[in-house]
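Engineer: The listed protein sequences correspond, in order, to chains A and B.
Going by our numbering, the first sequence opens with residue -1, and the numbers climb by one from there.
Going by our numbering, the second sequence opens with residue 2, and the numbers climb by one from there.
Simulated from the structure, these hints should not be mistaken for laboratory data.
Misleading hints may appear alongside valid ones.
[What the hints assert, rightly or not] To give a feel for the contact side, a few chain A residues facing chain B, derived at Cβ under 10 Å:
no. : residue
1   : VAL96
2   : TYR102
3   : GLY168
4   : ARG171
5   : MET173
6   : ALA192
7   : LEU360
8   : GLN362
9   : LEU399
10  : GLN402
11  : MET419
12  : TYR422
13  : ALA426
This one's a predicted model, so the numbers in the text were calculated from it and none came from an experiment.
Using N, Cα and C, we set each Cβ at its ideal position, and we do this for glycine too.
Chain by chain, the residues run as shown.
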Amino acid sequence: MLQSSRFLCSHSLPPGGVTAWVRRFGSRRKLTAEEIEMPFAGVLAKQYVHRPEFKKTYEGIPILRQLEYDGTLVDGIELPFPLEEGVAMYQTMLKLTVYDQIMYDIQRQGRISFYMTNSGEEAAQVGSSAALDLGDVIFPQYRELGVLMWRGFTLQDIVDQCFSLKGDPGKGRQMPVHYTSKKLNIQTISSPLATQIPHATGCGYAFRMRRQKNCAVTYFGEGAASEGDFIPAINFAATLKSQTLFICRNNGFAISTPVSEQYIGDGIAVRGIAYGINTIRVDGNDIVASYNATKEARRLCLEEEAPCVVELMTYRVGHHSTSDDASRYRQDEEAKAWQEEGMSGVGRFKRFLINQEQDMKLAQETKKQAIQAIREGDKEKYCPIDEGLFEDVYDTPDWRLREQQAHLHKHLETHADKYDMSRYEPSAAFPFPADSKPKK
Amino acid sequence: MADHGPTEKMNLFTAVNGALHIAMETDPTACVFGEDVAFGGVFRCSIDLREKFGPHRVFNTPLSEQGIAGFAIGMAAVGHTAIAEMQFADYIFPAFDQLVNEAAKFRYRAGGVWDCGGLTVRSAWGAVGHGGHYHSQCPEAYFAHTPGLKVVVPRGPYQAKGLLLSCIRDRNPCVFFEPKALYRAAVDQVPVGDYNLPLSKADVVQEGDDITCVGWGTQVHRMLKAAEMAKEEGISCEIIDLQTILPWDVHTIEESVKKTGRLLVTHEAPLTQGFGAEIAASITERCFFSLEAPIKRVCGYDVPFPLIYEKFYLPDEYKIFEGIKEVCA
């Protein structure tokens, strides 16, 4: 419904004002002189112009950078965390690169069906997550293993999930890299894009409502921000005041689609500003800036009980996934340039630590441990068939699921020689022996 | 198979690609777009199109399925042929509102003065062995509940090319699901030239006397394997590929069931409320007195698509074979 005030024109009004319904205050009263001068609700305009003017270009949002390419801190900036913590952050990044390389290689060998590397985005991931509290709930997209690892996600957790082993809380139902962890406050990764962003808005609202001093934190790519879920997510957060951090990893590509074909405006951060949200843009390959921006965003979020948008500018060095071949749509040299020591987040922080004469070599065992965990994972069992296939659809299975489980049991009894059941843990309902393999 | 001129060995993705080339050549208003379409598409279905027809007609969209669908409807509304790609059928749901509330009702709500008949949405569909929840689903039944849409699933390269060209040229919005497990695996001799296969017409793939088996897409191949096993037990199966899910060809199935007296329907999607239920209900109404056994549905279980349990979830040839024996007992 239109507000009656919208029809007013200050030049034709008596100086004493008019009585009108002002819906936003919900009572009948006179408009003030200021309201008559600018009667339009919901805009920040303070003046009228008298010639048509279109707004489009403006100065771009600057990028926070505190650690220079050469590994020195910008004048006046101090390391925001203890040096030992910095070493731990660096080692997390290194571990991430080691795990990524190994998991990528074993996918190429066909030992897992799929993998997504994080290379190029290590500093954005680890720097931002180090600024969070373990009580903050993470709503991840899918390229945030560094965030998970900083919170305590282990090599075994990674292997269990990517190999679909019974140690995977998701019971082997989802593709590799779709992690979840209740203990670490990490919501389950799902492949559809941007669907998690409004969840973080709802969670952040719940936190404010119950006065919990935590944020909901969602990570997403710049491509995902084109999805329909993104706009209501940030608009709801702004209007309903959610304690939510929206962390965009702007890594230049959504599979093959470069940012130039994804949007024309000033990145993703400008959308935060458009929706009235505290917003910052950061060099995501600068771990110090990523940390500081996120820390400050978190402080503001809790203090103002309102959302923040953090855009971490970075570059996806690897393929989108093991199903992708980036050489089909971009020059290899481009990715190589981003791996140069000063450009890459890992390399730049390494320079800093070397300047501090820190011993930050990763223990030699890291690679060995990973290979060993994978070797053991190859022998480990999957969840039992009944539990893995039929449980958790509802809190308790209904008659259909019970009937269908009975159907499958009978079928497998009849055709035990047609299915490889050797990897599944036997259970009371499916007691098939480990040697039940197809005969042909 | 009617004679459509010289043929060439093609798999399903090259057949789709061939259909797109012909659609673009024969219709200057046609455009192909979607996520990652410009470099050839993640399944290589749009390969070489941009080079041949230019970036104005073959282009990447920003990452938004509802955007793709709405944009495509808008082009079609003013007389263009819009061929939109949804990268995976699992990701079509953000476009559900546009397809169900807009595309499907476009003509009806305008009393026929407006339509978006030039719209075709293509999408990779079905189980593939390692897709888990979100790269495996078969959402045809959701769309089959929507008057105004046409829903089509080909079983192989020959059908893919002919049916896709028919969808693109049909004056109704069409959703065309491509079984991604068959993109490379299925190979046919496919006509190089232009041809259409009729929509809303089921295909009797194999004639038989004892039971009618109906399916579509990947499931047709599983039915054929099951029929081989059944043959060894002395059961003769008539295999029907429904091809168009909506509006569907009840008459071909009705005629077949009146001959065989038995019906089995199979689909990868979960049993409950799958399109098999519609077929079973309609055939019961039409053929009750010809039926010698209850109609059997062999379908996915009523669970989300489960990665590591896929082989147990799927209605494979052994489950279909058991179903055939049960109905014919």
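Engineer: Under the criterion of a CB-CB separation shorter than 10 Å, is LEU399(A) in contact with chain B as hinted?
Structural biologist: holds, 6 Å
Engineer: Holds or violated: is the Cβ of LEU360(A) closer than 10 Å to a Cβ in chain B?
Structural biologist: violated, 32 Å
Engineer: Would you check whether TYR102(A) satisfies its interface hint, that is, whether its CB is within less than 10 Å of any CB in chain B?
Structural biologist: Where the cut-off is 10 Å and the nearest Cβ of chain B is about 16 Å from TYR102(A), the hint is violated.
Engineer: Restraint: ALA192(A) near chain B, CB-CB cut 10 Å. Satisfied or not?
Structural biologist: The hint holds - ALA192(A) has a Cβ within 10 Å of chain B, the shortest such distance being about 8 Å.
Engineer: Let me know if the C-beta of TYR422(A) comes in closer than 10 Å to any C-beta of chain B, holds or violated.
Structural biologist: With a closest approach of 8 Å, the TYR422(A) hint holds.
Engineer: Have a go at the VAL96(A) hint: is there a Cβ in chain B nearer than 10 Å to its own Cβ?
Structural biologist: violated, 25 Å
Engineer: With chain B as the partner, please determine if MET419(A) meets the hint condition of a C-beta pair closer than 10 Å.
Structural biologist: Because about 9 Å separates MET419(A) from the closest Cβ in chain B, which is inside the 10 Å limit, the hint holds.
Engineer: Is the hint on MET173(A) kept, meaning its closest Cβ partner in chain B is under 10 Å away?
Structural biologist: holds, 4 Å
Engineer: With 10 Å as the cut and Cβ atoms as the points, is GLN402(A) at the interface with chain B?
Structural biologist: holds, 4 Å
Engineer: Against chain B, run the beta carbon of GLN362(A) and see if the smallest gap drops under 10 Å.
Structural biologist: violated, 34 Å
Engineer: Return the status of the interface hint for ALA426(A): holds when the least beta-carbon distance to chain B is below 10 Å, violated otherwise.
Structural biologist: Violated. Min distance 17 Å.
Engineer: Next item in the hint list is GLY168(A). Is there a CB on chain B closer than 10 Å to its CB?
Structural biologist: Result: holds, 9 Å to nearest chain B Cβ.
The structure fails hints 1, 2, 7, 8, 13 (numbered hints given earlier, in ascending order).
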